[in-house]
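Chain order of the listed sequences is A and B. When you line the first sequence up against this note's numbering, it's residues 1 to 524, in that order. When you line the second sequence up against this note's numbering, it's residues 1 to 66, in that order.
Hints were generated in silico from the structure; no laboratory data involved. Mixed in with the good hints there might be a few duds.
Claimed, not checked - Pairs of lysine-lysine, PhoX-like flavour, derived with a Cα cap of 25 angstroms:
1. A:K113 with A:K271
2. A:K388 with A:K401
3. B:K32 with A:K388
4. A:K401 with B:K32
5. A:K401 with A:K222
6. B:K3 with A:K379
7. A:K379 with A:K401
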Amino acid sequence: MDLPRYPYHQTLEQRSGQPQRRPVVIVGAGPVGLTLALDLARRDVPVVVIDDSDRIGEGSRAVCWAKKTLEVLDRLGVGEAVAREGVRWQRGRVFHGEREAYAFDLLPESHHKMPAMVNLQQDQVEARLVRAVQLDERIELRGKHELIGLEQDESGVTLNVRTPDGLFDMRADWVVACDGARSPTRTLLGLSFQGQVFEDRFLIADVRLAPGVRPRGLDPAKPERWFWFDPPFHRGQSVLLHAQADGLWRIDFQLGRGADVEAERDEDRIKARVAAMLGTDGFELAWSSIYQFCCRRAERFRVGRVLLAGDAAHQVSPFGARGANSGVQDADNLGWKLAAVLRGEGGDALLDSYEAERIAAADDNIGHSTRATDFISPKSALSLRLRKAALDLAAHTEFAKPLVNSGRLSMPTDVGDSMLNTPDADAWSGGPAPGCPAPDAPLEAGWLSEQLHGEFTLLAFGGAVDFDGRMQVLPSDGIAAQRYAAQPGSAYLIRPDAVVAARWQRFDAAAVRAALARAHGRPQ
Amino acid sequence: MSKLTLTPNFGREADAFYAELIAAQAGLSDEKAADWLARLTLILCNHIGDREVLREAFALASDHHD
Numbered sequence: 001m002d003l004p005r006y007p008y009h010q011t012l013e014q015r016s017g018q019p020q021r022r023p024v025v026i027v028g029a030g031p032v033g034l035t036l037a038l039d040l041a042r043r044d045v046p047v048v049v050i051d052d053s054d055r056i057g058e059g060s061r062a063v064c065w066a067k068k069t070l071e072v073l074d075r076l077g078v079g080e081a082v083a084r085e086g087v088r089w090q091r092g093r094v095f096h097g098e099r100e101a102y103a104f105d106l107l108p109e110s111h112h113k114m115p116a117m118v119n120l121q122q123d124q125v126e127a128r129l130v131r132a133v134q135l136d137e138r139i140e141l142r143g144k145h146e147l148i149g150l151e152q153d154e155s156g157v158t159l160n161v162r163t164p165d166g167l168f169d170m171r172a173d174w175v176v177a178c179d180g181a182r183s184p185t186r187t188l189l190g191l192s193f194q195g196q197v198f199e200d201r202f203l204i205a206d207v208r209l210a211p212g213v214r215p216r217g218l219d220p221a222k223p224e225r226w227f228w229f230d231p232p233f234h235r236g237q238s239v240l241l242h243a244q245a246d247g248l249w250r251i252d253f254q255l256g257r258g259a260d261v262e263a264e265r266d267e268d269r270i271k272a273r274v275a276a277m278l279g280t281d282g283f284e285l286a287w288s289s290i291y292q293f294c295c296r297r298a299e300r301f302r303v304g305r306v307l308l309a310g311d312a313a314h315q316v317s318p319f320g321a322r323g324a325n326s327g328v329q330d331a332d333n334l335g336w337k338l339a340a341v342l343r344g345e346g347g348d349a350l351l352d353s354y355e356a357e358r359i360a361a362a363d364d365n366i367g368h369s370t371r372a373t374d375f376i377s378p379k380s381a382l383s384l385r386l387r388k389a390a391l392d393l394a395a396h397t398e399f400a401k402p403l404v405n406s407g408r409l410s411m412p413t414d415v416g417d418s419m420l421n422t423p424d425a426d427a428w429s430g431g432p433a434p435g436c437p438a439p440d441a442p443l444e445a446g447w448l449s450e451q452l453h454g455e456f457t458l459l460a461f462g463g464a465v466d467f468d469g470r471m472q473v474l475p476s477d478g479i480a481a482q483r484y485a486a487q488p489g490s491a492y493l494i495r496p497d498a499v500v501a502a503r504w505q506r507f508d509a510a511a512v513r514a515a516l517a518r519a520h521g522r523p524q
Numbered sequence: 001m002s003k004l005t006l007t008p009n010f011g012r013e014a015d016a017f018y019a020e021l022i023a024a025q026a027g028l029s030d031e032k033a034a035d036w037l038a039r040l041t042l043i044l045c046n047h048i049g050d051r052e053v054l055r056e057a058f059a060l061a062s063d064h065h066d
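Construct the complete structure from the given sequences, taking the supplied hints into account.
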């Protein structure tokens with residue numbers, strides 16, 4: 001598939017030298033910036049997205065897209081395509097030395113529109129997003145616009161931008177930095193970006209198998225995730241195999257701390273590593289790179305009128321697929337809040353809640369990611385020995401399997417203590433508490449997730465109630481009622497980012513009004 | 001108050017328990033014995049299950065060294 005471009009054009013704003021004030025300028029046209037642009041546009045907020053490049057970045061980056069991300073993308077019109085084109089895998093196998101330690105099935109819960117996760121190369125997802133953005137008249141995507149200066153006062157932000165035609169100024173009410181781990185915006189803000197740098201080097205090789213080749217019995221028609229600890233073909237390190245779309249496989253070799261990076265870049269050497277792993281040379285090397293990673297975050301995600309999202313705000317190891325997934329969830333959390341503030345419906349506190357909620361999520365993701373990394377790359381002889389013990393025991397006992405950590409799949413973080421939540425006043429025997437994601441469920445036709453439309457929605461179980469906002473009536477028995485532990489008369493207030501804001505055993509119009517105000521950052 | 005049992009728990013059998021502990025890994029090389037001890041640690045931690053008890057045990061193990 002040809003990747004779309006967004007070539008540079010000189011704009012009237014540049015030629016005239018008169019900055020045109022914009023509600024929102026997004027810096028960075030990666031998956032996070034593009035998701036946020038689509039989200040804001042659907043809320044009728046015009047957006048300018050600037051990027052220092054004019055094309056989608058190449059090479060191996062994100063691969064795994066988790067259910068919550070797919071639901072967000074679905075709301076923006078690209079989720080079905082990503083879910084369809086992505087590879088679904090169910091079986092994960094963990095090997096230790098010569099042996100298989102254990103295998104697991106993802107066994108995703110049925111009756112959700114979106115799968116637990118799909119694997120699809122990041123550039124394919126970005127291509128979908130760029131096309132959707134380019135079809136939307138409310139979004140202007142400008143290539144070869146490099147942010148080099150940033151100033152803000154109470155009334156707005158001035159961005160100094162370098163283009164092939166020289167420097168010019170833009171003016172915005174709000175700026176969102178989605179410009180990646182090396183974020184120039186973050187640097188201009190002078191924010192620290194601290195955490196743990198892991199010394200281990202990793203080699204990524206994307207390979208395409210020759211027709212009919214079934215390495216180690218792997219059936220390309222039934223993709224699996226394979227993870228080796230200390231395999232015979234790569235002693236003392238770990239190796240990960242993941243399926244991608246179009247017959248591509250991702251192989252991730254841990255090279256250790258003392259790796260000779262220059263020597264490891266040698267193509268013959270990479271091919272020899274891959275051949276030893278696959279047990280065949282029936283493959284073509286499509287891409288390779290060597291990387292090192294960090295688990296860290298910016299000290300703040302909001303500085304006045306500038307907000308940070310995605311890798312610009314936080315960085316994790318690749319184990320658990322928490323990078324791009326958490327970035328898309330940043331965009332999901334921020335879009336409706338920015339739109340509400342711009343419309344005057346939301347208080348400024350909404351944007352503080354973005355920072356609080358997404359810092360909590362970033363710390364959660366960094367915690368998971370750091371623990372997986374410590375298991376994969378033990379820091380001492382005793383840690384290595386305990387890991388070996390866990391892997392040996394996992395082959396024979398159930399209890400040790402959950403101790404083995406080759407990455408924990410990205411899940412949305414609950415924000416139970418968010419200032420936007422209205423705490424439960426009633427007793428509940430289950431269902432999602434305030435701050436938890438609203439689970440999907442099948443409806444008579446279609447899906448609950450399709451009926452939320454990115455707006456505040458009251459779920460009314462067992463019949464309509466006297467509520468003047470968006471309402472979705474649901475039966476008081478069936479899968480939705482079970483998932484929400486609902487009785488006839490129960491009601492849930494769902495935020496635009498599909499998080500539960502409040503819930504009641506019995507609908508009460510005044511209580512719902514108060515919860516709505518609180519969820520808009522205007523507690524009464 | 002400590003949740004970790006710090007009073008003797010084997011009664012008159014303390015010597016017999018200790019002899020069994022030594023005997024269980026007596027035939028192993030140092031390397032294999034260290035692996036054995038690591039497996040035993042995980043097995044017992046899981047059996048205990050209570051994170052607070054385990055944290056107290058970790059702290060006690062850290063406090064007492066020469």
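Hint by hint, here is what the structure shows:
1. Note on A:K113 and A:K271: the hinted pairing is violated, with a Cα-Cα distance of about 40 angstroms set against a maximum of 25 angstroms.
2. For the proposed pair A:K388 and A:K401, the alpha carbon gap of about 12 angstroms is at most 25 angstroms, so the pair holds.
3. About 12 angstroms separates the Cα atoms of B:K32 and A:K388, which keeps this hinted pair within 25 angstroms; it holds.
4. For the hint pairing A:K401 with B:K32, the CA-to-CA distance comes to about 22 angstroms; that is within 25 angstroms, so the pair holds.
5. Between A:K401 and A:K222 the CA atoms are separated by roughly 23 angstroms; this keeps the pair inside 25 angstroms, and the hint holds.
6. With a CA separation close to 31 angstroms, the supplied pair B:K3 and A:K379 exceeds the 25 angstroms bound.
7. Of the supplied pair hints, the one linking A:K379 and A:K401 holds, its CA atoms being roughly 21 angstroms apart against a limit of 25 angstroms.
Checked against the numbered hints above, the structure breaks hints 1 and 6 and satisfies the rest.
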